[in-house]
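Q: Letter by letter, the sequence shown follows residues 0 to 678 in numbering that gives the first Met the number 0.
The hints are simulated quantities; they were obtained by calculation from the structure and are not laboratory data.
Among the clues, some could well be false.
[As the list claims (entries may be wrong)] Computed beta-carbon distance windows for the label pairs: (1) 251 / 169: 38 to 46 Å; (2) 251 / 445: 39 to 47 Å; (3) 530 / 411: 49 to 57 Å; (4) 143 / 661: 47 to 55 Å; (5) 156 / 46: 26 to 34 Å; (6) 631 / 220: 39 to 47 Å; (7) 154 / 664: 57 to 65 Å; (8) 661 / 465: 45 to 53 Å; (9) 252 / 445: 55 to 63 Å; (10) 455 / 46: 50 to 58 Å; (11) 521 / 82: 12 to 20 Å; (12) 411 / 455: 24 to 32 Å; (13) 468 / 662: 43 to 51 Å.
[Said to hold, decoys possible] Quick list of in silico lysine-lysine cross-link-like pairs, DSS-like style, CA-CA up to 25 Å: (14) 651 / 638; (15) 253 / 265; (16) 150 / 479; (17) 624 / 479; (18) 640 / 624; (19) 483 / 503; (20) 640 / 652; (21) 613 / 483; (22) 150 / 483; (23) 613 / 624; (24) 503 / 444; (25) 613 / 640; (26) 444 / 483; (27) 503 / 571; (28) 444 / 571; (29) 265 / 17; (30) 410 / 444; (31) 652 / 571; (32) 638 / 613; (33) 638 / 410; (34) 479 / 147; (35) 150 / 24; (36) 613 / 652; (37) 24 / 253.
For every residue, glycine included, the Cβ atom is placed at its ideal position computed from N, Cα and C.
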Amino acid sequence: MAATQTNVTEISELPGLKQLWSETKGNSQICVAILDGPVDQSHPCFDGANLTRVQTTISENATVGRMSSHGTHIASIIFGQHGNNVPGIAPGCRGLIVPVFSDNRSGSLSQLDLARAINQAVEAGAHVINISGGQLAQGTEADPMLAKAVKFCNDSNVLIVAATGNDGCQCLHVPAALPSVLAVGAMNSQGLPFDFSNWGETYQTQGILAPGENILGAASGGGTALKSGTSFATPIVSGIVALLLSVQLQRGEKPDPNAVREAILKSALPCTPEAGSDCRRFLVGSLNIPEAYALISQGGTKELSEEKLEQEMIQPSEATDFNLEASANQLADTGEIVAEVITSELVPETVSNLENTMTVTPSQLATPAVTPSGVVASEDCGCNGGAKSLVYVMGTVSYDFGTEARRDSFKQLMPYVAGEPPFPPNPYVLSQMVDYLEQSSYEAKSLIWTLNLELTPIYAIEPGGAFTEQAYHNLISALKGQIKPEDDPEYVSRVSIPGVLTGKSVRLFSGQVVPVIVPEVRGMYEWNVNQLVSMAVEAAKTATPQTATPQAQANQQAHANQQEEATRASLKEFLNRMYYEFRNLGQTSHERALNFAATNAFQAAQALTEATGKGMQLASIETEKSPICRMDSDCWDVKLKFFDPENDRRAKKIFRFTVDVSDMMPVTIGQMRTWSMSD
C-alpha cells in the first residue's frame with residue numbers, strides 16, 4: 000500500500016485488495032456488526048449501503064460528538080460506497096449498526112452491556128463483529144458475562160475483531176485478549192508498529208498488525224476526517240474478513256469466520272529481526288491479503304500476484320513523527336481496573352492539519368457525570384425479519400426509583416412504622432416497601448422494577464397488556480418471598496421470567512441504563528428450591544414403575560427412602576449450579592433453553608434419580624442445536640452428563656431432553672432420552 004503526498008493512507012492501495020475487489024466487493028448475505036458509537040447513516044458515503052440499526056440501550060441519534068464521529072468513521076471504512084470520497088473495503092456486505100458508546104455516558108460502557116450487544120449481534124445474524132475499543136486488563140480478566148458472550152460467538156462461528164488498545168505497553172485489552180478473538184494492532188506508513196499499539200503476550204498468538212495511520216473516513220455531519228490508532232486499523236481487518244467470507248460464499252462454500260481468522264493469522268508477514276525492531280510489537284505479523292486469499296480460495300496454492308510483497312509495503316513520502324505522551328509506567332499507576340470499555344481512538348481531527356507533526360496520546364478515561372436519558376424508544380432491527388427479541392431470564396426481583404424526587408415521594412406517602420414512638424418510613428427497607436405495596440398495589444407502577452443477577456440489574460421489567468395488574472401482583476409476591484427466611488415455606492430464592500425486549504431503556508438511580516422487557520405473565524415463576532425439590536422428587540417417584548408383590552414393593556420403598564436424600568441433595572446442587580455457574584442474560588436461544596431446563600426441574604429430577612441410584616454424580620450440563628425440530632421452531636438439546644466418582648473407567652451416562660424456545664414461553668418436546676458413552 001502507498002501513501003499520498005499528503006500522507007493519507009489509501010485503503011484501495013492495500014496490497015492485494017484490488018485483486019480481491021475484482022472478484023467481490025462483498026456479498027449482501029455476509030453481515031458485519033459495528034459495535035461503536037451511533038453512526039450518521041445520512042452521510043453521502045452510505046448512499047446505497049445496506050445498513051440496519053439494532054436497538055440497544057443507546058437510543059440517541061448520531062451527533063457531531065466524539066463517539067458518533069468515532070462510530071461513523073469506523074462504519075465508513077467498511078461500508079463506504081465506491082464512487083464517493085470514502086470508498087469502503089466491503090461496501091456490498093450487510094451492516095448492523097449496534098450503538099454501544101455514547102457521548103452522554105462519558106464514552107464508556109460496562110462489560111455487561113458489551114456482552115449484551117455481542118449477543119444481540121449474533122442473534123441478528125452477524126458473521127463478523129467489529130469492536131474498536133476495549134478495557135485495559137490484567138491478563139485476560141473479563142466479566143463472566145462478557146467471557147460467555149465471546150465463547151458464544153466462537154461456538155456460533157462468529158468472529159470478533161477487536162482493537163489491541165493504544166496504551167503503548169506490553170499489556171492487554173478486553174475483549175481483544177479473550178480466546179477466539181482476532182486482535183488488531185496498528186502500524187504506521189512504513190509498515191512498523193506504532194509506539195502506542197499494545198503488544199501483550201496473548202497478542203503474540205492471536206494478533207495482527209494493520210495500517211492505522213491517517214485512515215480516511217466519514218465525519219459525522221458530513222465531510223471527511225483522518226484518524227489514527229488501533230481503532231481504525233480494526234475495521235480494515237474486519238472488512239477483509241468480510242470479503243474473504245464473500246469469496247467462500249461465491250464459490251458455493253459455507254462462510255467460515257473461524258477458518259478466515261486462521262488464514263489471516265497463518266498468512267501474516269512475520270517480523271524480520273535483522274531490522275532491529277522488537278518483534279513482540281509485530282504480534283503474529285502484518286496483514287497479508289494475497290496469501291490469506293490464497294489459503295481461503297485454493298488451500299494456499301494459488302498465486303495472486305507476481306509482485307514481491309516486500310515491495311508493496313507502505314512507503315510514505317515522508318514519515319510522521321509520533322510522540323507518545325504516556326508510558327507504560329504511567330499507566331501502571333491508574334489503580335484498580337474499572338468496568339468500562341473505552342474507545343481506542345487517536346485523533347488528528349481534520350485533513351487540514353496533515354502538514355503538522357501529530358502528537359499521539361493514549362485514550363484518556365473521561366469522568367463527567369452520566370446524563371439522564373429516561374425511558375426512550377429505539378429503532379427495530381430488521382435484519383432478522385423483524386422477529387421479536389425474546390428473553391427467558393433467571394434472577395431476583397428488585398426495584399429502583401430512578402430519581403431523588405420519586406424516592407422522596409415514597410418517603411412522603413408511606414405510613415409511619417409502628418413503634419415506640421413510631422418512626423419515619425424508609426423506602427429502601429424491603430419489608431416496609433412490601434407492606435406498603437400490598438396495601439397500595441397501584442403504587443407498583445411508580446417503581447422501576449428490575450431483574451437482578453446477584454446485585455446487578457440486567458433488565459427493567461415493565462408489565463403491559465391485559466394482564467398488567469397480575470404481573471405487578473406477581474412482582475410484589477416475589478419480592479415478599481425473597482425477604483422471608485430460607486426455611487420458610489413461602490421463601491423465594493429467585494424467579495424465572497419470560498418476556499420480550501421492547502427496544503426501550505431506562506436510567507436507574509445509580510446512572511446505569513438497562514433495557515426494558517415486557518414479561519409474559521403465564522410464564523413468570525417463583526423459585527422455592529425446597530418446594531421445587533420436593534415436587535420434582537415426588538414426580539420422579541410417580542414415574543417409577545411399581546412392582547406387583549408386597550415384599551417387592553416394601554423393598555422398593557426402602558430403596559426409595561434411602562435414595563431420596565441423595566436425590567434431594569443432587570437436585571439442589573443442580574438447581575444452584577444452573578443459576579450460579581451458568582448465569583446469563585437469557586437472551587440467546589441456548590441461554591433460554593438452559594434457563595428453562597433449570598426451571599423445569601421435573602425432567603432433571605428423573606435423570607438425577609436414576610443416576611444417583613447408580614452412584615453417579617453430575618459432571619456437566621450442555622446445550623446444542625437440535626438436529627431435528629418442528630417447522631418454524633427453535634429447538635435445543637439439553638444434555639446432562641453423569642460420571643462415577645469412584646470408578647473413572649465406568650461409562651458416562653447421558654440424559655437428553657429437547658426444548659423449543661421459538662415462543663416467549665419455552666416448551667419441552669418429546670421424552671427424555673438416555674444412553675451411555677465411554678467419554
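Q: With reference to the structure, classify each hint as holding or not holding.
A: Taking the hints in turn, this is what the structure says about them:
For the pair residue 251 and residue 169, the supplied restraint of 38 to 46 Å holds, since their beta-carbon distance comes to about 44 Å. Residue 251 and residue 445 have their C-beta atoms about 59 Å apart, which leaves the hinted 39 to 47 Å range violated. Our hint of 49 to 57 Å for residue 530 and residue 411 is violated, since their Cβ atoms are close to 38 Å apart. For the pair residue 143 and residue 661, the supplied restraint of 47 to 55 Å is violated, since their beta-carbon distance comes to about 27 Å.
The hint said 26 to 34 Å for the Cβ distance between residue 156 and residue 46, and at roughly 32 Å that hint holds. Distance hint check: the CB atoms of residue 631 and residue 220 are about 44 Å apart, consistent with the given range 39 to 47 Å. Distance hint check for residue 154 and residue 664: the Cβ-Cβ separation is about 25 Å, which falls outside the suggested range of 57 to 65 Å. Distance hint check: the CB atoms of residue 661 and residue 465 are about 23 Å apart, inconsistent with the given range 45 to 53 Å.
Distance hint check for residue 252 and residue 445: the Cβ-Cβ separation is about 56 Å, which falls inside the suggested range of 55 to 63 Å. For the pair residue 455 and residue 46, the supplied restraint of 50 to 58 Å is violated, since their beta-carbon distance comes to about 42 Å. Distance hint for residue 521 and residue 82: a CB-CB separation of about 54 Å, inconsistent with the stated range 12 to 20 Å. Separation of residue 411 from residue 455 is about 29 Å and conforms to the stated range, judged on CB atoms against 24 to 32 Å.
Separated by about 23 Å at the C-beta atoms, residue 468 and residue 662 break the suggested range of 43 to 51 Å. A distance of roughly 12 Å separates the Cα atoms of residue 651 and residue 638; the hinted pair therefore holds under the 25 Å criterion. A distance of roughly 20 Å separates the Cα atoms of residue 253 and residue 265; the hinted pair therefore holds under the 25 Å criterion. Distance hint between residue 150 and residue 479 is unfulfilled; the C-alpha atoms sit about 36 Å from each other, more than 25 Å.
As the CA atoms of residue 624 and residue 479 are separated by approximately 38 Å, the hinted pair breaks the 25 Å bound. Note on residue 640 and residue 624: the hinted pairing holds, with a Cα-Cα distance of about 17 Å set against a maximum of 25 Å. For the hint pairing residue 483 with residue 503, the CA-to-CA distance comes to about 33 Å; that exceeds 25 Å, so the pair is violated. The suggested pairing of residue 640 with residue 652 holds, with an alpha-carbon distance near 6 Å, which does not exceed 25 Å.
As the CA atoms of residue 613 and residue 483 are separated by approximately 36 Å, the hinted pair breaks the 25 Å bound. Between the alpha carbons of residue 150 and residue 483 the distance comes to roughly 37 Å, so the proposed pair goes past 25 Å and is violated. The straight-line distance between the Cα atoms of residue 613 and residue 624 is roughly 29 Å, outside the 25 Å bound, and the hint therefore fails. Distance restraint check for residue 503 and residue 444: the Cα-Cα separation of roughly 17 Å lies within the 25 Å cut-off, and the hinted pair is therefore satisfied.
Of the supplied pair hints, the one linking residue 613 and residue 640 holds, its CA atoms being roughly 13 Å apart against a limit of 25 Å. With a C-alpha separation of about 23 Å, the suggested pairing of residue 444 with residue 483 holds against the 25 Å cut-off. For the given pair, residue 503 sits about 36 Å from residue 571 by alpha-carbon distance, which is inconsistent with the 25 Å threshold. Distance restraint check for residue 444 and residue 571: the Cα-Cα separation of roughly 35 Å exceeds the 25 Å cut-off, and the hinted pair is therefore not satisfied.
With a CA separation close to 21 Å, the supplied pair residue 265 and residue 17 stays within the 25 Å bound. Annotation: proposed proximity of residue 410 to residue 444 holds, straight-line Cα distance about 16 Å (limit 25 Å). At roughly 20 Å between alpha-carbon atoms, residue 652 and residue 571 fall within 25 Å of each other, so this suggested pair holds. Using a Cα cut-off of 25 Å, the hinted pair residue 638 and residue 613 holds, with the two alpha carbons roughly 18 Å apart.
Between the alpha carbons of residue 638 and residue 410 the distance comes to roughly 50 Å, so the proposed pair goes past 25 Å and is violated. This hinted pair does not check out: residue 479 and residue 147 have alpha carbons roughly 32 Å apart, beyond 25 Å. As the CA atoms of residue 150 and residue 24 are separated by approximately 29 Å, the hinted pair breaks the 25 Å bound. In summary, the hint linking residue 613 to residue 652 is supported, as the alpha carbons are separated by about 10 Å, within the 25 Å threshold.
Taking the CA atoms of residue 24 and residue 253, the gap is about 18 Å. The hint holds against a cut of 25 Å.
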